[in-house]
Amino acid sequence: MIICVKDDRQAKWNVMLMPSEAKGCNLNVLECSGLVKAFDELVAVDDVGFHIAEGETYGLLGPNGAGKTTTISMISGILESDAGRVMVAGKEITTRTTDGNAEIGYVPQDIAIYPDLTARENLRFFGKLYGIPKDRLGPRIDEVLEVIGLSDRGDDRTEEYSGGMKRRLNIGIGLLHEPSLLILDEPTVGVDPQSRNSILESVELLGQSGTAVLYTTHYMEEAERLCDRVAIIDGGKIRAEGTRRELVELVGQRDTVNLGVIGSAHRLVEDLRSVSEIQQITAAEGSVEILVDGASRVLPRILEVAQEAGVGISGVEVVEPNLESVFLHLTGKALRD
Amino acid sequence: MKAWAITSTNIKRLVRDPSTIFFVFIFPMLLILVLGASFGGGFTPKVGVLVQSDGAFAQAFADGIAENDEFESLDYDDAAVLLADVERGVVQLGVIIPADYDDALVAGSTAAVEYIGRLDQSSVQYRASIEAVASDQSAVVRAARVVESEGLADFESAVAAAQLVASGPGGSEVIVSTAGEALFGDIGQFDLGAPSNLVLFVFLTSLAGSAALIQTRRLGVSRRMVSTPTSIGQILIGETGGRFAIAMIQGLFIMVGAAIAFDVKWGNLLGAGTLLVLIALIGAGAGMLMGAIFDNDEQAGSMGVFIGLGFAALGGAMFPLEIFPDTMVTVAHITPHAWAIDGFAELIRRGGTLSTIATEVAVLSGFAVVMMALGTWRLRAKLTH
Ligand SMILES: Nc1ncnc2c1ncn2[C@@H]1O[C@H](COP(=O)(O)OP(=O)(O)O)[C@@H](O)[C@H]1O
Ligand SMILES: [Mg+2]
Numbered sequence: 000m001i002i003c004v005k006d007d008r009q010a011k012w013n014v015m016l017m018p019s020e021a022k023g024c025n026l027n028v029l030e031c032s033g034l035v036k037a038f039d040e041l042v043a044v045d046d047v048g049f050h051i052a053e054g055e056t057y058g059l060l061g062p063n064g065a066g067k068t069t070t071i072s073m074i075s076g077i078l079e080s081d082a083g084r085v086m087v088a089g090k091e092i093t094t095r096t097t098d099g100n101a102e103i104g105y106v107p108q109d110i111a112i113y114p115d116l117t118a119r120e121n122l123r124f125f126g127k128l129y130g131i132p133k134d135r136l137g138p139r140i141d142e143v144l145e146v147i148g149l150s151d152r153g154d155d156r157t158e159e160y161s162g163g164m165k166r167r168l169n170i171g172i173g174l175l176h177e178p179s180l181l182i183l184d185e186p187t188v189g190v191d192p193q194s195r196n197s198i199l200e201s202v203e204l205l206g207q208s209g210t211a212v213l214y215t216t217h218y219m220e221e222a223e224r225l226c227d228r229v230a231i232i233d234g235g236k237i238r239a240e241g242t243r244r245e246l247v248e249l250v251g252q253r254d255t256v257n258l259g260v261i262g263s264a265h266r267l268v269e270d271l272r273s274v275s276e277i278q279q280i281t282a283a284e285g286s287v288e289i290l291v292d293g294a295s296r297v298l299p300r301i302l303e304v305a306q307e308a309g310v311g312i313s314g315v316e317v318v319e320p321n322l323e324s325v326f327l328h329l330t331g332k333a334l335r336d
Numbered sequence: 000m001k002a003w004a005i006t007s008t009n010i011k012r013l014v015r016d017p018s019t020i021f022f023v024f025i026f027p028m029l030l031i032l033v034l035g036a037s038f039g040g041g042f043t044p045k046v047g048v049l050v051q052s053d054g055a056f057a058q059a060f061a062d063g064i065a066e067n068d069e070f071e072s073l074d075y076d077d078a079a080v081l082l083a084d085v086e087r088g089v090v091q092l093g094v095i096i097p098a099d100y101d102d103a104l105v106a107g108s109t110a111a112v113e114y115i116g117r118l119d120q121s122s123v124q125y126r127a128s129i130e131a132v133a134s135d136q137s138a139v140v141r142a143a144r145v146v147e148s149e150g151l152a153d154f155e156s157a158v159a160a161a162q163l164v165a166s167g168p169g170g171s172e173v174i175v176s177t178a179g180e181a182l183f184g185d186i187g188q189f190d191l192g193a194p195s196n197l198v199l200f201v202f203l204t205s206l207a208g209s210a211a212l213i214q215t216r217r218l219g220v221s222r223r224m225v226s227t228p229t230s231i232g233q234i235l236i237g238e239t240g241g242r243f244a245i246a247m248i249q250g251l252f253i254m255v256g257a258a259i260a261f262d263v264k265w266g267n268l269l270g271a272g273t274l275l276v277l278i279a280l281i282g283a284g285a286g287m288l289m290g291a292i293f294d295n296d297e298q299a300g301s302m303g304v305f306i307g308l309g310f311a312a313l314g315g316a317m318f319p320l321e322i323f324p325d326t327m328v329t330v331a332h333i334t335p336h337a338w339a340i341d342g343f344a345e346l347i348r349r350g351g352t353l354s355t356i357a358t359e360v361a362v363l364s365g366f367a368v369v370m371m372a373l374g375t376w377r378l379r380a381k382l383t384h
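Heads up: the protein sequence lines correspond to chains A and B, in order.
Anchor point for the first sequence: position 289 equals 288 in numbering that gives the first Met the number 0, and the numbering is continuous, going up by one each time.
Anchor point for the second sequence: position 327 equals 326 in numbering that gives the first Met the number 0, and the numbering is continuous, going up by one each time.
Warning: the hint list may mix true and false statements.
As the list claims (entries may be wrong) - Using 20 Å as the maximum straight-line C-alpha spacing, the simulated EDC-like pairs for lysine to aspartate or glutamate come out as follows:
#1 236(A) with 46(A)
#2 45(B) with 325(B)
#3 381(B) with 39(A)
#4 11(B) with 158(A)
#5 381(B) with 40(A)
#6 11(B) with 79(A)
#7 381(B) with 79(A)
#8 332(A) with 233(A)
#9 1(B) with 177(A)
#10 11(B) with 115(A)
#11 381(B) with 81(A)
#12 381(B) with 109(A)
#13 1(B) with 102(A)
#14 11(B) with 39(A)
Unchecked claim - Taking CB as the label site, the calculated pair distances span:
#15 11(B) with 196(A): 28 to 36 Å
#16 294(B) with 192(A): 28 to 36 Å
#17 11(B) with 200(A): 28 to 36 Å
It is worth saying that the hints were derived from the structure and are not from the lab.
We put the CB at the ideal spot given by N, CA and C, even for glycine.
Construct the complete structure from the given sequences, taking the supplied hints into account.
Dropping the structure here:
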């Protein structure tokens, strides 16, 4: 099995091979394939596989109960899988291995910190478990406290923290050992807008610094903002995968180009009919709405036609269809119920 | 070592919680104090009576004890058997009326009755009752002597005279001497209650402590530990170590505290240490098992207290096994409590050593192996499924 996905941002093809063919191929920080997990009758994860390259942020977008947490639990080596294989930085991960776990920073969906310990004590505890050398741990804790904005509250017990502060510490613990792969399970659920924004910014920065990020969410906007590639997961299966662009095109969703026009749009509408990519044109007083396949490719042609027709353009707006509509198209239901 | 990081965090969290400080350290000591002060209360004490004289006064003294409904009186004919039974707690006290008892009284000299008892608070109470019987007889003897000396024969005069003489000085008397002191010189007031409380509280804390483990699991901290490069084995050792360390800390605190505050003599240190390690291991294993089986920490906490107190009551950690009927004593030995208390009794009361408590140690080791195996097996499964 070979899965090829065009990655626009990095302008290269990511090729995912089955393990037998993947030997010597170290492009990806994470490679997983054929993951299955059933709880009694319920198949929570059904043949899930994907890969994440260095510096790439990968989103698992799906509603509650889709199987996101179950999937990343198997990837983090905390849940025994029924089938499948996980490789992180070239090392196999199961519940019995520990080698590869040093490459993973796992940030669980629930706040997994000791409430009766301070932030510093929580960080120290997990730092020891991550095997950070003693002389390195102290300075690293200070760094992380700085990053998550808790430097001045580091010696307070975490039970006294606000929800957002706890969330930030929850993430901070996953960053302690500077993992190659950071796994974030719905990190913004129940967080105030300000904390949420700071979390999203941190994730963006991490991606830029070269960390591979696996990000699960049921918020379409977060997946769109953060993720280079997104897998749409529902009922334990990945329904589609790719960049936002690819996903949108995959389901035949069109872009909308809104033109503000000066003077008569009549001639423009006539001329635009000759552009094959254009599916539909609606003209109104002072504006034209154009439904088109691949707005970015066609937009120069549209503007050219407008110029030839002598129509003045006062504004251009491109509205791309979002992942919400992709999800709706793929599963017949909304992301949030 | 990573396991130690988990163990020490367990201890740190315990020490930080003021309510556990109270229940783990202060409460057991208070209970030893309270139970020590009232040990033996609430049931009819048995008194073993050995009459070595065939005189009428001696028999009257024995009858006086038998008629006193504060006691249940049992007849003995061998001093050694009586001593052993007091020691073992079959009877709570023994009274030996010596062969020269009547002669001494008739001769007008002091007649001594040997009293064998434990030197606890209730013994003082029993002794007062025996002395009351003795002083009744003493009054009669004085009255008789008055009757004799005055040459009066009628009963009413004798009583009147006796009442007169009873308040007066002089005359012979019955002295109750304590024979137990020499025999049980090492037994203090709290020596019997302290081991029971040690066993009760170490198990109780271990079982109730399963709540902390469930909390760690429910918070997702356990899963997070598994996600780090820490093997499940290390996590299990760390968590077991945490439960074990807490049990040991509490056990040592009770042992040392009781020795210092209440002058409890634990006997052979190697033997007592071995028993403590074993009950701490059993407690840790049982705590892990409960921590794995239950998913609700409050439920597990109250179940832990319920099971902990139930087993303590059944196993003789609340009421001495000596007052149990034989079948109940047999049933009691399904609990580790009974075996541990037997072991401590041997060390404290009979000067036992590690070799004389080999049976108790073997049985407790069996408990420890089974509880540890079950606990780690269930917890391992819970952590990764
Ligand atoms: N330990 C478990 N036992 C039984 N069912 C489970 C367990 N964990 C998850 N599930 C079920 O598996 C499905 C996927 O759950 P999950 O992976 O948590 O979804 P998500 O994280 O996408 O919300 C859900 O139907 C959930 O109820
Ligand atoms: Mg989830």
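Hints versus structure:
1. Between residue 236(A) and residue 46(A), the direct Cα distance comes to roughly 7 Å. Compliance with the 20 Å bound is thereby established for this hinted pair.
2. With a C-alpha separation of about 16 Å, the suggested pairing of residue 45(B) with residue 325(B) holds against the 20 Å cut-off.
3. Of the supplied pair hints, the one linking residue 381(B) and residue 39(A) holds, its CA atoms being roughly 15 Å apart against a limit of 20 Å.
4. A distance of roughly 16 Å separates the Cα atoms of residue 11(B) and residue 158(A); the hinted pair therefore holds under the 20 Å criterion.
5. Taken as a hint, the residue 381(B) and residue 40(A) pair is honoured in the structure, with Cα atoms around 19 Å apart against an allowance of 20 Å.
6. For the suggested pair residue 11(B) and residue 79(A), the alpha carbons sit about 31 Å apart, so the restraint of at most 20 Å is broken.
7. Distance check on the hinted pair: residue 381(B) and residue 79(A) sit about 11 Å apart at the alpha-carbon level, within 20 Å; holds.
8. Between the alpha carbons of residue 332(A) and residue 233(A) the distance comes to roughly 10 Å, so the proposed pair stays at or under 20 Å and holds.
9. As the CA atoms of residue 1(B) and residue 177(A) are separated by approximately 19 Å, the hinted pair is consistent with the 20 Å bound.
10. At most 20 Å may separate the alpha-carbon atoms for a hinted pair to count; residue 11(B) and residue 115(A) meet this at roughly 10 Å.
11. A C-alpha spacing of about 16 Å is found between residue 381(B) and residue 81(A), which places the hinted pair at or below 20 Å, so the restraint holds.
12. The suggested pairing of residue 381(B) with residue 109(A) holds, with an alpha-carbon distance near 17 Å, which does not exceed 20 Å.
13. Annotation: proposed proximity of residue 1(B) to residue 102(A) holds, straight-line Cα distance about 17 Å (limit 20 Å).
14. As the CA atoms of residue 11(B) and residue 39(A) are separated by approximately 39 Å, the hinted pair breaks the 20 Å bound.
15. Checked against the given bound of 28 to 36 Å, the beta carbons of residue 11(B) and residue 196(A), roughly 35 Å apart, stay inside it.
16. At roughly 34 Å, the beta-carbon separation of residue 294(B) and residue 192(A) lies within the given 28 to 36 Å, and the hint holds.
17. About 34 Å separates the C-beta atoms of residue 11(B) and residue 200(A), a value consistent with the hinted range of 28 to 36 Å.
The structure fails hints 6, 14 (numbered hints given earlier, in ascending order).
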